[in-house]
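Enquirer: Going down the list, the protein sequences come from chains V and D. Going by my numbering, the first sequence opens with residue 1, and the numbers climb by one from there. Going by my numbering, the second sequence opens with residue 1, and the numbers climb by one from there.
One should not assume that every hint holds.
[Unchecked claim] Computed cross-link-like contacts, SDA-like style, restricted to lysine to any residue with a CA-CA straight-line distance of at most 20 Å:
#1 D/Lys30 x V/Glu377
#2 D/Lys30 x V/Thr387
#3 V/Lys335 x D/Arg6
#4 D/Lys72 x V/Met344
#5 V/Lys341 x D/Phe9
#6 D/Lys82 x V/Glu377
Hints were generated in silico from the structure; no laboratory data involved.
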Amino acid sequence: MTAEEMKNYRVSDYRRILQKGDISPRELVKIFLERCSQWEPFINAFLHLDAERVLRQAEEMEKFPPADEELPQLFGIPVAVKDNICVSGIPTTCGSHILENYVSPYEATVVQRLRRAGAIIFGKTNLDQFAMGSSTESSVFGATRNPLDLSRVPGGSSGGSAAAVASLEVPLAIGSDTGGSVRQPAAFCGVVGVRPTYGRVSRYGVVSFASSLDQVGPLSRFVSDAALLAQVLSGEDPLDSTCAPYPPFSTSDIPSYEETRKMRLGIPREYFSSGVDRSISEEVASAVEKLAKEGFDVIEISLPHTDFALEAYYLVALAEASSNLARFDGVLYGKRAQGVKTLMEMYHRTRIEGFGNEVKRRIMLGTYALSSGYYDEFYLKGMKVRTLVRQDFEKAYEACDILLTPSSPCFPFKLGEKISDPYQMYLTDILTVPSAMAGLPSLSLNCANRDGLPVGLQVIAGPFREDRMFGLALFLEELLSVEPPIPAVPDVKEGDDE
Amino acid sequence: MAHLSRLEFTEQELETFFRDLNNILVHFEKLDTLDLSNVSPTSHITWTSPPVNPDQPVEWGREEEVMRAAPKVEDRYFIVPKIVDKQEG
C-alpha cells in the first residue's frame with residue numbers, strides 16, 4: 001500500500017481490510033514502521049520507537065484474534081502516545097533529563113483503554129519538557145520539526161504526536177492539552193486535534209502539569225477518527241476522582257447533518273482581533289460564510305474577558321505546576337545528582353540538573369504566585385479571572401450552541417524564532433487557553449492552506465457536548481474538503497543541509 | 001524564591017532569570033484593571049460532586065518495579081543523604 005493510497009484511509013477503512021484479511025496486522029504495522037524510518041531522520045517525532053515490540057503486539061493479535069465476528073474498534077491500528085503518558089515497561093521521559101531513565105511500573109488508564117480497544121501502542125512521541133511549551137523545541141532529545149516545512153516548528157507541546165500523524169507515520173495519536181497543547185500543534189500540522197471536556201477522560205498515569213487543566217485528547221487525520229478515539233478514551237475512572245462519573249462519549253450521539261444544520265453558531269469578535277494574523281482571520285471568516293450559505297444561523301457574540309484569559313491561565317497553570325513538580329526531588333524516581341552530601345543539596349542539584357530553563361522559569365513563577373505575600377495578588381486573582389472567563393462562555397451558550405474561532409493567532413513559526421522570548425511563546429496559546437480555563441470541549445481542524453501552511457479552525461462546544469462539536473466538525477470537514485496533508489518524504493540532500 | 005523552589009542559580013543565571021521573569025510579570029498587571037471584589041475564585045472545574053470510592057486497600061504486587069524506578073534503594077527502603085546532623089554536646 002502506498003502513502004498516496006493511504007492518505008484518505010480512515011480507521012474504518014483499515015478495519016475493513018483487516019477484517020477481510022486483505023492485510024494482516026503485522027503487514028499493516030510494517031507499512032507504518034517503514035514510514036517512520038523514512039521520516040524520523042527529518043522530523044524526530046518519536047522519542048521511543050521499538051519496532052520489535054510493535055511487531056510483537058501485531059503478532060499477538062494474529063495469534064489470538066478476537067473471538068467475536070466484529071473486530072474491536074481499534075483492532076490493529078497503531079496509536080502513538082505522548083511521552084508524558086505512562087506505558088508500562090517503556091520509558092516515560094517527559095522530554096527531560098530528570099526522567100531520562102524512568103520506566104513506569106504502571107500504565108495510564110487511557111493506554112489501557114487503547115489496548116482494550118485493540119490498538120497497537122506504537123511508541124512515545126516528543127514534547128516540550130513536561131508539556132511546558134508551544135513548539136516542541138525544549139525537549140532535551142532535540143526539537144521535532146514540522147513535516148509540512150522542516151524549517152518550522154510543529155507547535156507544542158504535543159508536537160511529536162501532531163508531526164507523526166501529519167507525516168502518516170501513524171494514523172492516530174494521543175496528546176495532552178493543558179492550555180492548547182493538542183489543538184495548537186494540530187493546527188500547525190494541518191491535522192485534527194481534540195481537547196475533551198475537563199473530566200471526560202481519566203488523567204491517571206499522565207504526568208501532571210496543571211491538574212485543574214490537563215486533559216488527554218486525540219490527534220488524527222479525520223474528524224471521524226478523532227471521534228472514535230474520543231469514544232475509546234472517555235469514561236469514568238475510579239483511579240481519577242476528577243474524572244466525571246458520566247457515561248463515555250459515544251459516536252452514536254453525534255447529530256445527523258440535518259440536525260447539525262439547526263445549530264446556532266457564535267462568532268466571538270475578540271478572537272478576530274489585531275493580534276491574530278490577518279490571513280488566518282480571513283480563512284476562518286470565509287469558512288463561517290460558507291456555513292451561513294448552508295443555512296446556519298450565525299451570530300456575532302462577545303466574550304469580554306478573552307483578553308485577560310492568557311495571564312490568568314499562566315498564573316493558575318504555573319502555580320499548579322510548581323506544586324506538581326515538587327515531587328521530582330531525586331528520591332522516588334528519576335535521576336539524582338551525584339556526589340551530594342546533604343538532603344537540601346540533593347534537592348537543589350537534582351532539580352537544577354534535571355529541569356530545563358522553561359521548566360525552572362515556570363516553577364519559579366508558580367512558587368512566587370503561591371508564596372504567602374503574593375498569593376492574593378497572583379494566584380487568587382488568576383482563579384477569580386477564571387470565573388469571569390467561565391461566565392463569559394456560560395452566557396454565550398445561552399445564545400448559541402457552538403463557537404467558531406481560529407485555533408492559533410499565527411502560522412507555524414521558524415525553529416528558534418520565539419524560544420528566547422518566553423512571553424511571545426505564551427502568546428501563541430491565546431486562542432486555546434480560554435476554553436481550557438472553562439473546561440470546555442474544543443477541536444481544531446484544518447480549514448485552509450495558505451502558501452503551503454495550514455490554518456486551524458477551532459470548534460468549541462458546551463460542557464460534555466462533544467456530540468455537537470464533532471457534528472459540526474464533520475459537517476465542516478465535508479463542506480470545506482481540505483485534504484489532510486501528505487507531505488513528500490524530504491530529499492536526503494535537503495535533510496543533510498538541515 | 002529559588003530556595004523555596006528548591007532550585008539554585010549562579011549570579012549570571014539569576015540575572016537572566018530575573019529579566020525573563022520580570023518581562024512576564026509585567027503582563028500580569030493587566031489583571032489589575034478588573035474589579036474582582038465580588039468575584040469568587042474557580043480553583044477547579046467541577047460538573048458534579050466528585051465520586052467517593054470505598055476506602056479499601058488492594059494488593060498491587062508491583063512494589064519491586066516501583067523500587068526499581070528509584071535512584072537509590074536498599075531492601076525496601078529509599079536511601080537519602082543524612083537529614084539530621086549530629087550536634088556536639
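Enquirer: All the hints need checking, so say for each whether the structure fits it.
Expert: Now the hints, each set against the structure:
In summary, the hint linking lysine 30 of chain D to glutamate 377 of chain V is supported, as the alpha carbons are separated by about 12 Å, within the 20 Å threshold. Restraint check: the Cα-Cα separation between lysine 30 of chain D and threonine 387 of chain V comes to about 16 Å, which is no more than 20 Å; the hinted pair holds. The hinted pair formed by lysine 335 of chain V and arginine 6 of chain D meets the criterion: a straight-line CA distance of about 15 Å does not exceed 20 Å. A distance of roughly 16 Å separates the Cα atoms of lysine 72 of chain D and methionine 344 of chain V; the hinted pair therefore holds under the 20 Å criterion.
As the CA atoms of lysine 341 of chain V and phenylalanine 9 of chain D are separated by approximately 18 Å, the hinted pair is consistent with the 20 Å bound. A distance of roughly 38 Å separates the Cα atoms of lysine 82 of chain D and glutamate 377 of chain V; the hinted pair therefore is violated under the 20 Å criterion.
In the structure shown, a violation is registered for the earlier hint numbered 6 alone.
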